[in-house]
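Mind docking chain Y on chain L? Use the hints.
These protein sequence lines map, in sequence, to chains L and Y.
Each residue of the first sequence is one higher than the one before, counting from 11 in my numbering.
Each residue of the second sequence is one higher than the one before, counting from 11 in my numbering.
It is possible that some hints are incorrect.
Each pair may be met inside one copy or between any two copies, as identical chains are not told apart.
[Unchecked claim] Restricting the straight-line Cα-Cα distance to at most 20 Å, the calculated cross-link-like pairs of lysine to any residue (SDA-like) are:
| id | residue 1 | residue 2 |
| --- | --- | --- |
| 1 | 123 | 156 |
| 2 | 113 | 312 |
| 3 | 113 | 309 |
Since the hints were derived computationally from the structure, they do not count as laboratory data.
There are 2 protein chains.
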Amino acid sequence: MVTNGSVLPGRLRARRALIDTYQQPVVYMRSDCAVCLAEGFEAQAQVEVVFDGRQVPATLHRVDADWLSHDEAALSETAWQLLGLQGGESLQVRHARPLESLKFLRAKVYGRKLDYDSMHALIDDIGHGRLSDLHLAAFVTACAGGRLDEPEIVALTRAMVDVGHRIQWPLSPVMDKHCVGGLPGNRTTLLVVPIVAACGVVMPKTSSRAITSPAGTADTMETLAPVTLDEATMRRVVEREGGCIAWGGSARLSPADDVLIRVERPLDLDSEAQLVASVLSKKAAVGSERVLIDVPVGPTAKVRSSAAARSLAASLVSVGAAIGLQVEVVETDGRQPVGRGIGPALEALDVMAVLHRRSDAPQDLRERALMLAGRLLEMAGRAAHGTGLALATRTLDSGLALVKFIAICEGQGGLREPPRAQHTEVVAAAGAGRVGAIDNRRLARAAKLAGAPHDPAAGAVIHVRLGEPVAAGQPLITLHSQAPGQLAYALAYVNSQTPIVAIDPT
Amino acid sequence: MVTNGSVLPGRLRARRALIDTYQQPVVYMRSDCAVCLAEGFEAQAQVEVVFDGRQVPATLHRVDADWLSHDEAALSETAWQLLGLQGGESLQVRHARPLESLKFLRAKVYGRKLDYDSMHALIDDIGHGRLSDLHLAAFVTACAGGRLDEPEIVALTRAMVDVGHRIQWPLSPVMDKHCVGGLPGNRTTLLVVPIVAACGVVMPKTSSRAITSPAGTADTMETLAPVTLDEATMRRVVEREGGCIAWGGSARLSPADDVLIRVERPLDLDSEAQLVASVLSKKAAVGSERVLIDVPVGPTAKVRSSAAARSLAASLVSVGAAIGLQVEVVETDGRQPVGRGIGPALEALDVMAVLHRRSDAPQDLRERALMLAGRLLEMAGRAAHGTGLALATRTLDSGLALVKFIAICEGQGGLREPPRAQHTEVVAAAGAGRVGAIDNRRLARAAKLAGAPHDPAAGAVIHVRLGEPVAAGQPLITLHSQAPGQLAYALAYVNSQTPIVAIDPT
Numbered sequence: 011m012v013t014n015g016s017v018l019p020g021r022l023r024a025r026r027a028l029i030d031t032y033q034q035p036v037v038y039m040r041s042d043c044a045v046c047l048a049e050g051f052e053a054q055a056q057v058e059v060v061f062d063g064r065q066v067p068a069t070l071h072r073v074d075a076d077w078l079s080h081d082e083a084a085l086s087e088t089a090w091q092l093l094g095l096q097g098g099e100s101l102q103v104r105h106a107r108p109l110e111s112l113k114f115l116r117a118k119v120y121g122r123k124l125d126y127d128s129m130h131a132l133i134d135d136i137g138h139g140r141l142s143d144l145h146l147a148a149f150v151t152a153c154a155g156g157r158l159d160e161p162e163i164v165a166l167t168r169a170m171v172d173v174g175h176r177i178q179w180p181l182s183p184v185m186d187k188h189c190v191g192g193l194p195g196n197r198t199t200l201l202v203v204p205i206v207a208a209c210g211v212v213m214p215k216t217s218s219r220a221i222t223s224p225a226g227t228a229d230t231m232e233t234l235a236p237v238t239l240d241e242a243t244m245r246r247v248v249e250r251e252g253g254c255i256a257w258g259g260s261a262r263l264s265p266a267d268d269v270l271i272r273v274e275r276p277l278d279l280d281s282e283a284q285l286v287a288s289v290l291s292k293k294a295a296v297g298s299e300r301v302l303i304d305v306p307v308g309p310t311a312k313v314r315s316s317a318a319a320r321s322l323a324a325s326l327v328s329v330g331a332a333i334g335l336q337v338e339v340v341e342t343d344g345r346q347p348v349g350r351g352i353g354p355a356l357e358a359l360d361v362m363a364v365l366h367r368r369s370d371a372p373q374d375l376r377e378r379a380l381m382l383a384g385r386l387l388e389m390a391g392r393a394a395h396g397t398g399l400a401l402a403t404r405t406l407d408s409g410l411a412l413v414k415f416i417a418i419c420e421g422q423g424g425l426r427e428p429p430r431a432q433h434t435e436v437v438a439a440a441g442a443g444r445v446g447a448i449d450n451r452r453l454a455r456a457a458k459l460a461g462a463p464h465d466p467a468a469g470a471v472i473h474v475r476l477g478e479p480v481a482a483g484q485p486l487i488t489l490h491s492q493a494p495g496q497l498a499y500a501l502a503y504v505n506s507q508t509p510i511v512a513i514d515p516t
Numbered sequence: 011m012v013t014n015g016s017v018l019p020g021r022l023r024a025r026r027a028l029i030d031t032y033q034q035p036v037v038y039m040r041s042d043c044a045v046c047l048a049e050g051f052e053a054q055a056q057v058e059v060v061f062d063g064r065q066v067p068a069t070l071h072r073v074d075a076d077w078l079s080h081d082e083a084a085l086s087e088t089a090w091q092l093l094g095l096q097g098g099e100s101l102q103v104r105h106a107r108p109l110e111s112l113k114f115l116r117a118k119v120y121g122r123k124l125d126y127d128s129m130h131a132l133i134d135d136i137g138h139g140r141l142s143d144l145h146l147a148a149f150v151t152a153c154a155g156g157r158l159d160e161p162e163i164v165a166l167t168r169a170m171v172d173v174g175h176r177i178q179w180p181l182s183p184v185m186d187k188h189c190v191g192g193l194p195g196n197r198t199t200l201l202v203v204p205i206v207a208a209c210g211v212v213m214p215k216t217s218s219r220a221i222t223s224p225a226g227t228a229d230t231m232e233t234l235a236p237v238t239l240d241e242a243t244m245r246r247v248v249e250r251e252g253g254c255i256a257w258g259g260s261a262r263l264s265p266a267d268d269v270l271i272r273v274e275r276p277l278d279l280d281s282e283a284q285l286v287a288s289v290l291s292k293k294a295a296v297g298s299e300r301v302l303i304d305v306p307v308g309p310t311a312k313v314r315s316s317a318a319a320r321s322l323a324a325s326l327v328s329v330g331a332a333i334g335l336q337v338e339v340v341e342t343d344g345r346q347p348v349g350r351g352i353g354p355a356l357e358a359l360d361v362m363a364v365l366h367r368r369s370d371a372p373q374d375l376r377e378r379a380l381m382l383a384g385r386l387l388e389m390a391g392r393a394a395h396g397t398g399l400a401l402a403t404r405t406l407d408s409g410l411a412l413v414k415f416i417a418i419c420e421g422q423g424g425l426r427e428p429p430r431a432q433h434t435e436v437v438a439a440a441g442a443g444r445v446g447a448i449d450n451r452r453l454a455r456a457a458k459l460a461g462a463p464h465d466p467a468a469g470a471v472i473h474v475r476l477g478e479p480v481a482a483g484q485p486l487i488t489l490h491s492q493a494p495g496q497l498a499y500a501l502a503y504v505n506s507q508t509p510i511v512a513i514d515p516t
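Just chain L, with the same shape it has in the complex (with noise of 0.2 Å):
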């Protein structure tokens, strides 16, 4: 192909479109100007724009409007800070060159196995962004029902560490926690960090946003001290206090994860082994050397069963052995959310009355988050067999944890106190009886119609658990907003259909 010829009849000024198109990069040409029609371009064409050495492949829109002008390509915002730009440089954008690795996913659709060589040149261009959605979608259909064997997985999770940074520590063992989803409230990495990094454990923790959530660990954390931490500074924190709670996007850590996360979540498939190679990808990425996986199980939840849940464990634990990660799998309650708040400052709010030993605070979150600890003080070796719950216990209750946690935020920047919500309202029983299940979909997505987690503040609680008797007119849920109009809407949400929370008669 001609892409650099003297022939080319000319570049294109670089403007900003100020159009969000997620995480998909969109040019927007005029679709009478020059290099459309020289290129021959046709709408949704897949081009590479180029400037300053780095090309950034993106999908053509073309534009009749007078808001651009012939000499001007416009740029959707992800694409816009892939290339880095600030207006008015001159760009050049060309038909995207063939990528070499889509025969592998040709090969893979035909049913055929990859080996490292050609998943690793897959995930390569994967986290480069050089496929476009469709070609993406494939990928994960693709290995989707089974159709990666475990070499294939184990080739797959390694690939996606090999194309993104990798951070190494100086100390051992690395520890790590993670939660396979679903459930709201289930904010333990607070507690777990502090207690076991008051114990001498080194836990490096990178949290990751809300992406369908209404809160994010490292969203709930952000409420009560910085988390969008350079290396350097998670370095300082963790080398003095043993731990950190931070922010895992802004280091490229198994950057295809997040390319194909943003597939995953609407196809809605169930694949296992991508769920396995984004976990361990992002665990190895990181450093961690022994893992703790919590799997909530329950109807609402992410895994829904107990068989499915041995399934996934089987497939952590063998695949994070062949790429060298020590990995324990506990199967936990998934019935109904933790703790009482949803929504990043809620749930921050939970977790300081559970290290602060307060009366009120939810127990629920604090068992989950001590046994848990027991747990990976144990796998750490800091505790004999058996003995890690009663250590974690005594470290909490000491109030040792709430002064490492303390001393993490200040490392980190400073702990500050969450926001409130400017307006509630509450959701009461119709009738008496007693709960026989909370919907943890549901939930979730009235915190987030309240405006969790873009507004910190916003969100809801949940002032029940399973099987506690309810009177007639007694507070259920309170939800929280910062505008009167999220809050009217995410009632209606709550109020509509079948109840959030189901109350069996008596």
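Relative to the frame of chain L, chain Y by itself:
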């Protein structure tokens, strides 16, 4: 979900974005507009735009630029047309409702078989544009690589016919032909239809426009006569003349096929099942009963080996029989272009030269058309076995085919003269030798870079055939273009890399 309660914070005014996203409906909204905030829309959210009882699924792109105001929703061209808007209408934008058919898509991804009802539910949603591009890519991937068995291909084909419009004819047998693409200049349809119609055989031909090629049959015919016919006009022409050559895109014939093709092309997956369902569903929808399918085989054609052609032929014949179509397949030489012109007008000139029996008419185009017409005359029972070719030849040589072609053109709105390009450039042989190979794909691309099919006069003319001797400096290809810039660009492409016409030294 609350979608029409009193808490809805309002509607948005329709505005034409004048952005061409090909067939992907996109809605542009200010990220801080009341609806985005209240609904919790994220970028790339799948939403439904509702106006006047119509619901169009769309992808949300969030805008922060000033060209869009907070009470407006701007729509891409496809979305605009699907909703039939004028501008200023009051629109509702809400979360897309979950599609029941996605559970069948997931079942297929997980390796289960789909029956007719499941296929129908999926194809109905696909044909109505309710699936996102990601889901379409997942469907195409899940069906590729031999993952549909024959009953599933039959179910898919039937469903594709059933969810669209179906044309019925009062005459029988209704004949049809199809070419499995990839061969530039193979415009036999414009000869076959007048020959068989002149012999009293019914052939109401609908053809497609170019998708990735420099000309579709409808594009070529359009340089000679109107092809966008309503069904009444088409019926009138067929009743009077026995045949027509119309564009098939306006009648919603197998609409899911058009949607699937849009994602299949960029994925570049060779899916025999999808190809069979695509071809046969279009034929059944247009009311054909007996279909002759031309499968060119060659290293740069769509089908690259005789073995692949035989497998495809077997599937076409048996799936055809299952849905009531009598299918015959003829394997033809696909090693080089047919005729000389590549591009709508240039191909039309070849066709007219054959119809006029001019001495310089391309003999390969003439011979292929006569062979196909002869087979069709035999399939229709109009000629005894072994005599069809002679009847076709007599019909062409007597001028009856030309008379019939002119009558068909007049019926469709009037015969016209194809346009001629303003600029041409000759590509000459660098050295002497013999033509060893012609790259169909690169030749087609050169014709597109010259402007075809957007400029009907643009394209390429190839002056040599395989095996012919060539002198140094002898013209090999002439490029035709309406713009000097495009001509230069096409020329640079032809002169780059390996030559399109390979000359073996003698």
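Against the structure, the hints:
Proximity of residue 123 to residue 156 under the C-alpha cut-off of 20 Å is found in both arrangements, the shortest distances being 12 Å within a copy and 16 Å between copies. For the homomeric pair residue 113 and residue 312, the shortest alpha-carbon distance between copies (17 Å) is at most 20 Å, but the shortest distance inside one copy (33 Å) is not. For a Cα distance limit of 20 Å, the shortest separation of residue 113 from residue 309 across copies, 18 Å, qualifies, whereas the shortest one inside one copy, 40 Å, does not.
This entry satisfies every hint, going by the numbered hints stated previously.
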